[in-house]
Every structure is written in C-alpha cells, then in structure tokens.
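K.L.:
Based on the sequences and whatever the hints tell you, model everything.
Protein chains in written order, with UniProt numbering: chain A, 1 to 425; chain B, 1 to 449; chain C, 1 to 562.
Treat each hint with caution, since some may be false.
Claimed, not checked - A few chain C residues facing chain A, derived, Cβ under 10 Å:
#1 Y285
#2 F288
#3 N289
#4 K341
#5 A345
To be verified - Below, computed lysine-lysine pairings styled on BS3-like, alpha-carbon distance capped at 27 Å:
#6 K70/B - K283/C
#7 K149/B - K282/B
#8 K236/A - K298/A
#9 K266/B - K158/B
#10 K149/B - K255/B
#11 K318/B - K282/B
#12 K341/C - K351/C
#13 K283/C - K282/A
#14 K266/B - K282/B
#15 K411/B - K70/B
#16 K373/A - K341/C
#17 K364/A - K351/C
#18 K282/B - K198/B
#19 K198/B - K255/B
#20 K373/A - K242/A
#21 K374/A - K341/C
#22 K198/B - K361/B
#23 K283/C - K411/B
#24 K342/A - K236/A
#25 K483/C - K538/C
#26 K341/C - K236/A
#27 K282/B - K403/B
#28 K236/A - K373/A
#29 K364/A - K341/C
#30 K403/B - K361/B
#31 K404/A - K298/A
#32 K65/A - K318/B
Claimed, not checked - What follows is a set of in silico ranges between Cβ atoms, one per label pair, in the way DEER data are often shown:
#33 G221/A - P149/C: 53 to 61 Å
#34 K283/C - G64/B: 15 to 23 Å
#35 D294/C - R341/B: 40 to 48 Å
I should point out that these hints are in silico values taken from the structure, not numbers from a laboratory.
Cβ atoms here follow ideal geometry from the backbone N, Cα and C, with glycine treated the same way.
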Amino acid sequence: MSALRRLLLLAAASLAAPAPAMAAWTRAFAIEWYEPAMYYGAQSGVTEPGTDCPAGTNPEPDWIKVLTEAGYTREQALWLRNPANPTRSPVHGQNQMAFRGAGRANVYIDPTSTPDGGLVGVTGTIGEGLDLDGDPNTGFVGPAGERGVDNAFYRTLGCWKTFRGPPRLSSGALQNNDAMRDGAWTVVVVVSGRGDDPMNDDDVTVGFYPSGDKLVKDAMGGVAADYTFRIRPDRKLEALFKARSVNGRIQSSRAEEEVWLRDPGAARDLQLLKARIDLSLKPDGSLSGYVGGYRPWKPVYDGYVRARGPVIEALTWVRLPDVFYALRRNADYSPTGPTGEKTHISFALRVDAVPAFVVPPDAKGTARPISYKKQAPPSGQPDSTADRLPFNVVDGIVIPRGAKAVSQPDSALLPPSTTGAGGAQ
Amino acid sequence: MSLRFNRRSLLRGVLGGGAVALGIPTLDLFLDGHGQAWADGARLPVRFGTYFWGLGLTDTPAGGTRWVPKTTGPGYEITPELEALRPLRHKVSVLSGFRVIGDGRPNIVHWTGHASILSGVAPAVNNRMDAPSFDTRIADAIGGGTRFKVLDASASGKVVSYSTRTGAAFATPETTPLSLYTRLFGPGFQDPNNADWKPDPSIMLQQSVLSAVGDQRQALMASVGRADQQKLDQYFTAVREMENQLALGLERPEKCESCVVPGAPKSSIKGASVDVVNANTKAMARLLAMALACNQSRVFNFVHTPGASETYMAGASKIYHQITHDEPTDTRLGYQVETSRLAEQVMQGLGDFLAELDAIKEGDGTLLDRSLIMAFSDTGYAKIHSIENIPIFLAGGAGGRHKAGQHIAGKGDAVTRASLTAQMIAGAPAGEFGVGGMRTSRPIIELMA
Amino acid sequence: MRRFATIAGSAALATAIVLSAGIAVQAAWADPPQSTAGAEQIVAIRRLTESQYRHAIADAFGADVRIEGRFEPERREAGLLAIGSAQLSITPAGFEQYFRLADLIAGQVTAPERRARLAACQPAAETARDDACARQIVSRVGEALFRRPLTEAESAARVQTAAAGAEHTGDFYAGVALALKSLLVAPEFLFRMERAEPDPAAPGQYRLTGSTKAERLSFLFWDAPPDAELRRAAASGELHTAQGLRRQLARLAASPRLQQGGRAFFTDMLQLEHFDGLTKDSKAYPKFNQALADSAREQTLRTTVDMLFVQKRDYRELFTSNSTFINRHLAALYRVPFNSKGDWAAFTFPKDAERSGIITEATFLSLFAHPAASSPTRRGVKLHEIFMCEPTPDPPADVDFSKVQALETGTVRTRLLAHMENEGCAACHRVSDPVGLALEHFDGVGQRRTLENGQRIDVEAEINGVKFSAAPGLGLYLRQQQKIPACLVRNVYGYGVGRAPDERDEDYLADQTEAFASDGYRVPHMMVRIASSPEFFKVKLPARAKPATKVAAAATHEGGLQ
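P.N.:
If you want it as structure tokens, here you go:
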C-alpha cells in the first residue's frame, strides 16, 4: 500500500467516523454578528480617506456618463435615471441599466462585455484575518503586528462602500446582520476539548452548523444568551476544525481542506478551502475571532447579480462588472495547484458569538462537534430566504414571471413627450 | 295607540311605520334627565385616523438621531425633523423607542414594521398581515351611523392602503383630491344641515335588543336582597346609559356648524416628487377634515407615501428610498444629510395635514381637538430597514381623552403598546393587542386622560 | 331608500304579528309578584369572570368564536377574585364593551358558514321572519347562556326582537343576531344569579335551586357553565338527591375539563392577574419580555395542573418537587438546555439548581419582586398570603425606604437589617423576611445567582425556632406547615360558594382539612368531598331590601305615560 493511499484511507476513515471520545468539556455559542474582516483605516465615517483607502471610499459613479459611454444618448440616459420614468422601479431600479455591454449585452451576466472601470482596492499594509499560506512574507500585517495575514478579498473590495466602515458599522454588515438577528438564519458553534481546562487544551474541535431555531432578541435589543438551538443537519453547510487553545485563544492546528458556512453576504453559501480559525474565549463567556480560508470568488459576484444588479449598483456605488474584474484580478488560490486557474480568493470573517445551548438534531443531550451531514434530508433544505424575495430575478433584474430579461426597444428610452404616441406608457 | 306607552310600544309603532312621527318624542322619554350630559361634548364621538409615511426618520447606527427629543414628558424640544410639527407641538405626542418583536420571524423589509403596528403580529409573508389592522376595530366601534364607515386616501398616486379586515385584501383608497372630493361631496352627499333628516332605523333595532333586557328588571329587582339590588341597579343604570347613547342617534343631529361643502378641487398634477405629494396631502387633508366636520365619516386611513417611499426632491435623480440606503453618514455632522433633508420634507406633509384638521373650529376647540390621529412609518433607521425605534405620533386631543404634547420613550417596548393606546383612546373595545412577544395589555397610561 | 319601502310595505303585517304576540308578552309584563316568604328568590349575584365568559361562549357557539374586548377589572376579596366577583356589578363603560362584544359574537355565529350550527331548523325563507325557527334558536342558545331554560317571557321578547329585525332588514339571520345579542347582554347571562327556593323536605327552609347547584358545580370543576347533562340533572331534581349528586360529581371529576377548572382556580388563587402590567427593568433583566412572562405563567399552570389534577399527587409536593415543564424561553432563563423538538417539555431540575416547587418558578419569583431587584419581603408576604391565608397588614406610613432601596451595595439581607431596627416594621418583617431570604439565590426574574454586588448571598433562615437553608430547605419547611393544606381547603370552599368563609364555617373547614390529610392531600378528591357536603349548597338568605325608592323610580320610568 502506497503512502499516499494509506493517507487517503486514513483521511476517509477519520471523515466517516470522526466521533471523538466523550468530550471532557464542551462550550456552545450562537453567532450574534459576523462580517467580512475588513480593517478600517480612517477615524470615523465610511467615506473618509484612511490608511486603508487613501482616496476614501470609491465614489458614486456618474451614471449618466456610464450610460452615454455605453452608447445611450444623453437624453436617453437622463430619462433612464429620471424617477418619473415609469420603467424605473422605485424598489428594483432601472432594468435598462443591465444593457450597457457591447451590442446592448447584459453586463451582469456578461461582465466582460464592458471594459473594466477599475474598482480601487486597498493600498494600506494592515489587514485582519489569518495566515492561510503559512508564508509570513505574503499578505498584510495584522493590527497586533502578526505577519502574513492573507486577505485578498479585503484588498479587492475594502474600499467599496458595502464593506467600508468601523467594525459592525459598514452598511453591508449592518444590513445582513440585522436580517440574521431578526431571525432570517442562525449559525451555531460547538467547541469541545479532551483536557480539563478549556483555556489550555491541545485537542480542541470546533464545529459550525446551521440551526432552524431563530435568534431571540433581549429587551435591550441584543441577541439573548443561553437560548437552545437544535442543529439542522445540512448536506453542505458544516465546518469542522481541529485546534488547540492557549490562554483561551483557540487556533487551528491544521488547515481544513474544505468547509462550508452560511455566508453573511449575498453569496449565501460560503465554501472555504484550507480553512482556519482563530477564536478567543472571552471572560464574559462569549466567543470572538476569525474564520477564514480561500473562497471561490465567482459566487461572490453572482450573489450581487442575484441581489438585483440595478439595486446593488445604485445603493452601493459600484459598477458590478468592476467587481467581477477586481475579484478575478486579485484571486490568489487555485485548488488544482499553483499553475491552475485562480478560482479562489483569500478571505476571513470576523465572528462574535454569545453563549448558548446547542443540541443535536434529535434534541437529546448536548451536541458534540461531529459531522451531522448524514442526518440531512436528501434533497437539502429549502432556501430559507426564498420567501423573502417575492419577486422574480432573471439575469440580475426583476421582471414579470415568464418574461425574458431583454433590453428595451429604443422607442421606450425617451419620455413620452418626446417620443409621441408610440412612447412608453 | 296603546295606553301602555313604554319603549316597547314605541318601538313597535316606529317599526310599524310611524318612524318620523314618533322618533322625537321617544327621546324625551329616553333621555331621562341625562340629555345634558350627553350633549356636552365629552360623549361626542372621537374621530380617528391613521397617517402613514414611508422610510421612518433619521437615526445613525452609532446611536445619534435627528428626531428623538432629549427630554420625555410634556414640553419636549423640537428636533430638526420635527420642525414641521412645531406649530402644533402641544397637540402632538411623540413616541420613540418602540420596536417590533418578531419572535424569530424575519424582517420583511418595508412591511414588517407597519404590519406589526397595525395587526399586532410580525407578518409571515410580504403584503399580507396575519390579523386585521386595528383601524377596522375602531371603525366598528365608532364608525357606525355615518355615510362612510371608513375613508381611505393615498397622496402619492399609488393605490395603497394598509387597512385590512382579512389580512389579505386591503382597502382601495382614493388617489387624487378630485376623486376624494367626488366620493365625499359628489352624488349621494347628504348635507347634515339639510332639512329632510331621517333617523336611522337600525338604531331602533339595537334598542329592541336592550328593550328585551329591560323587561326583566322588575322581576329581578323584586327577588333580590339589598346588596344585590344595588348591583342590579348599577347594571340597569349602565343599560339605560347605553339606551341613551342609542337614542341620541335617533335625534336630529346638532347642526354641523363647521360643515361647509367645499368646491371641487382642480384636477391635480400626478407625480411622486415630494412637493406634489405634499400638495396632494394638504388638499386631501382639507377634504377629509370637512368630511369629518360634516359627519360623513369618523374614521380614515391616509397614506402619504408607501413603505419603500419613492418620493424624491423635484429635479433630483435619486428617490428617497435609494438615498436612505446609499447615502453615507456625514462624518462631521453625524447623520445622513440628504436623507434627513427629505425626512423634513416628508414630515412637512404631516404638519400640513394636522394643520388642516386644526383649522376647523368645533365647539370650544378644533376638529383636531376632537380627533386622534396615529401617524407612523415602516422603519426606524431606514438605511438598514431597522424595525426598532419606529417613529410614531399621536396627534389631537381625542375630545380630552389624549393628554397630548408629550414625548414618550418606549425603551424597547413593543409597538403594539402604541396601537393599544390608540384603540383605547379612540374607544375601541380592546383590552389587549398583539401576539406573542408583542402581546400587551399595557397601554401608555401617561397619554390617557 | 329601498329599505324604507320594505318597512312601509310590511307595516300592516308587522303590526298584526306584534299584536298577536302581545298577548303572551302582556302576561309576562304583568307586575311582578310581591316578594313574600316562600317564593323563589335570588340569594347571590356573581359576575362572570373573563375566563368563565370565554368558556360559556365556547360552549354555546364553538371554540373558534373570536372574543376581542376589554373586560372590567376584577376585585380580590378574602384572597380570591371569585369572592370579589360576588361584589361587582357592571359600569356603563363595561356594559358598552359587553354590548359591542355581543355584536361581534352574534355576527360571527349567524354568518352563513356557521349559522347551521345554531339549531336544527331552517327558516322558511332567509329573507323573512320565521318565529318558529327563531324560537328554537333562542331557546336552545338561551338555555346554554342563561344556564337554565328560558321563561316564556324571556324567550318571547327575543323572538319578537328577531322578528322585528327580520322585517326591517329582510334577513332572518340579521334578526336572529339581534335576538342573540339581547341574550348576550342580559343580566341572566352576565351574572350568575344564585336562586333559592322553599325546601319541600324542610318546611320553612330554603335550598338552592337545581340549576344554581349545577352552576356551582360546573364552575368549580370546569370553570364553565353546566353542560346539557348537568342541566338535565338539575331540571329533573336529581341534584337534590345524594345519589344523583354523587353521580354528577363523579362525572365532573372524571372529565378532562377538570384541568380547565383547576387552571381557573389556581389562576385565581396564585394571583396570576399580576402578570398584566408586570414590567421589569430591561437593563437589569434583559431576558424578561412578554414572551417570557407568558411562558412563566403557562409553566406554573401546566406544572400545577399536571401534578394535582392529572397525576393527582400530594398537594404538599407543590413546594418540594423539582419536576416542571419548560419551553425554550424558560430554558434560557433557567440556563438549561431545551431538549425537545416540541414547544413544551417535561423537565426535572438537577439538585444543585436549588429549585423546589412553585415558590422557585419564574412566576412567583418575578411577580413578587421589584422591577430591578428581588424582594424577600414581598415574597415572604405573598407566600403567607397566598398559601397560608395569612395576609400581612400594610406597612406604616412613615417608613424610610432609602436604605432598602440602595441597590448598589451589599446584599438584600444587609439592607433589610437596617429596616429591622424600627420595631413597628420588625413585627411583620420577622415573619415575612426569613422565607424571602431563603429564596435569595433567585433574582427578580427567577434566575439563579449566588452573589449580589460581589458578596456571597446568605440563604439561611429561621422561623419560630426552625432553621432551614435555601429554597429546598424552605420547601421542606412549608411541606410540614398545616396551615398550607388548610388554606387550600378554605380557598376551594370560598371559591366554590363565592363567599368568604366566616367563623361559623371553621369547624366544617377543619373537618374537611382533616379529611384532606387522611386522603393523602389529593386535591380532586377534596373538591368532590366539599361539593358533596351540605355546606357547599348552604343557603344564606340576604338581607331584604325595603321597597326601595330606586325600584319605585324604575317602575315609574317603565310605566312612563300610563
């Protein structure tokens, strides 16, 4: 038996029967806030220049200019942007914004049909996250001086308004976490070790799972501690880490090949390769720190397209194709080896969790950090957010069911008064 | 005519065809010396209205605010976004710090907030409520005996009302001043000051309900002890008061001195920019106020702008909804400048609306003094669709039942406390309101006289 | 305008019918017989409580009828709302609420989808009056609501209301709705009129009528009006026989509705109405909210009813058991996992949780505490009042509370000691505080703690030379207190008869308490014993009223223009 084969078998065995012996200690938590780890280098606000983004947040594009450069007349561009234009939905934006690629191609699904507008990224040297490649010479320097922090996601998108701002105050994080805290989804964390002292243990296992039980807000508006959450087995969403704790700081003892979490952003599912954790048990009983790895960058882009291109572009001050170009440009990992296509980008989440009780799917006893995937229903869970999007998104724009996402004929691009009786009504 | 001339025989005569002849003398019998007490205004029906606007008022994530006054109780200071309420501040109570408690139900953006305020339960899906909106309870309680049990109007051109009895079907509002005028004062309008008034026969049927009850009185009274006799006496006093209340409805109404049938408004400009919406608001407020003064209705629902408000500054390329989301907080000033400017404009709509109600004199005061208007929005801090600190106002004296002019800090209490308070002040039979974490039987007693 | 035409057109017919109905009605209107010794008379009037009202409506029309309204506040007398309810009447504002509620209910039950349930009959035409069918409906519903058959006058009046309504609206069921409304606002529905009649077995003596006995029984055991079988037994005279009464009692006690009765009794005795309007400081107790308050109330009722009425265990275990029911909210409050997929689950606290029965549930601990702190005094006072029937006098008016209320230093015990220096205070506090201090390991919402302001909390206590420690110690102490089962017996009796027991009842209550003890303190058995004793139906004739001026005035009002 070759060494490699033996290794593979061993890995398979450990996946099939990972159940550790009775844990000597177990702690459980519910995530009350998590967001991409985007180091903020200014004093306050979200647009001001800082060490991270010396020119400040990327400014709002001049949409009239964007449209005229895409081949629309100035008159057409003005009308497309006019709130009185009946084709501009106050909720879903102007669908025609999609059709600004070559030959009126939909830039959301065909971003390379328009040139790269150049999303400005982070130029600072400080970054948050984890050393994913084990090389102290690549990446950022951490706020506490640690070297080799790999977070190309931050370098790419850290000056985009969605992500920029002090911890827990960027607009994207506020919006997503508000939804989670109001019950849209729940992620629980189970930590256990074999020793007697959680603060110092060489053999710690950490598991992240979805739960169907909602977070509960307390009377102060925070997430209440001590609630019970039942793990909802999921064929995909599950993340297990081997780690060790030193003075309460729990760090990965190895990189995990592949784990999946609920993304706190538009992508929804978050795959992490070579994943690691760096979490700390706090004196008040809570848990805080980082979870990171290499995430596929294309689903990040697709998530924003699905969240309705015209809405994202208007509200977050970005041309979506620029996000596509920037992610592709900064991707730094290929699962097939150094020469393969860089489909993944280094990334980390900042996580805060409150003490909770986590129970296994059968609700008996206390959950342990093992795999529950086999208990998942075969077809996977229905998309819990499906009912929150009562509109029909096709190719990044909202259209009536059964209709096609197509560019408007030219006759609809001008106000009725200038197009006469044949104009849009 | 029977010699045994009591209520029953009167009723018999009335229903038998002699309504007009007998209607008035009946009352003298029923009023029983209480007539004065009824007519003095305290028992005149309160008018109730909801006023909705989209996108809340401006907070900041770090805890700042452009609208919440610093002090609570009477005499609150006017914050920038409350400027439009300054002339009527002593008639408007400000309710801050109330929130939606969804019991784990997700926040359906631009829907959960007002759906919870109105129905008492965080909705399961968009555009439906899980229970009737509470304005319908008030309409059932006080809206009878008028031509329109409830009036619905929307000022932004959108066909939108949040009033529902089923949770699924919503009222259809008038969307222009002209259509509202036509509905109110067009064909079918009965001038209350007109000579050929007739009593509403359905009131007599309600009297027959009590008449059967009253018949038992003597038999009961004769067979009880002293203590129980007092209890029964109190009960029958209550019955008699109810009879008096009904009898009042048969009386030719007092002349509506303030009722002046207005002229038809010009056909208005359609549009959603805030100047147009506010102009419509003012025009429709004037019509609604006159409809109340002319006793055509006692309950209305008014929507200034819907949940995800699409109003905008005339000439601008961005709508309010977008601005709340995309405008960053100004570092120096600490708030979203353009958002706050629009909020001030939107609040001007409310200020103008209330001023129209206050312009109509009734008795010693104004129509507003005899009304209760509950104004509220869909969100608190709109940038993140927050359903905490949703701004709520209670305006008008409600005939002395509302201790107006106060700022109440809700400190995280459920929005349903405000809804319950409004129902109780307006006279709906509500002892509690809401479901689960938002169930409450605690009205805001500081506001109740 | 069409409506007026209809009325005018039917005027002749209406008059004719009114005249023919008038004969029967006339008789009933005749002046009431002068009350003389020997006639049936009302001995007590007890207003229906909110839950009795709700159960009555559910029994008469179905559990799915919505009842949305405000009920008048109740009053606690001699420890019970049930006794206070015999002192209460209905105010004009309250009547207005009942009047609107009646509208709401009558509208629902005559709606097309459920009108068929009202009676077996169908009107000849839904657009016209049908007195025969209306009479069927009125008498069936009326008997359920009035808890006895209607008199001819009572039903004739409603049939007439229905007829007039049908004539006016052209809708038979609109008329029926008016008739039902008239029943729903009648004093015979809203009040329990307890009646006595001359006792044929004992000349010169009175006994409760059969239907009054039936009411007492069903409201005690089920918190609901008598069902058809019980009404039958009342009408047939069976309830006046020992055997008939026994048979009905066995049926009442065996019914699953006994749990509903137990719930109502303990809701009253445990003063759970204090949950309405209970507020806690959100900073001190962020987990406390409406959902938690509702959960705590439900925990207490579930646990108590299950223990005493389902498992029929020893009443005294209420103070020592560590078994209960919890939901997810309570699990978070008690800081234990919720090991269930359902909404509620049975749960047994571990020994070190120091939970010992009802006095360690969130209900008792949060109701009888301050908004931001626990209160040993309140807990002690309420424990004596609720479970031992020993009310504490109000504190003197001139007490300086400032030391007790300085929450930021020390423990409650040290703060209360300052209070004990005042001898006027000490007399009561010596009784109330020890039991409360033993519960100090639980904060103002019932969460366990061992420190207050960084200091270890001392939960040792001593009463009358008996020393005990913490809640389990207190529970064992209470288990041995004879006052506790005696107080329950007193409450069950007072609750059933609607009257505070007085010194003439003491021997009887002592006997009942003894029987309770020798039977292992089983509550349903004790209820059956009380309900089968002659004292439960004892007639206390009220002081007669003189022909009061009020009555005379009313007669004038009625007779008006004669």
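K.L.:
I'd like to know which numbered hints this structure contradicts. Please list them from smallest to largest.
P.N.:
18
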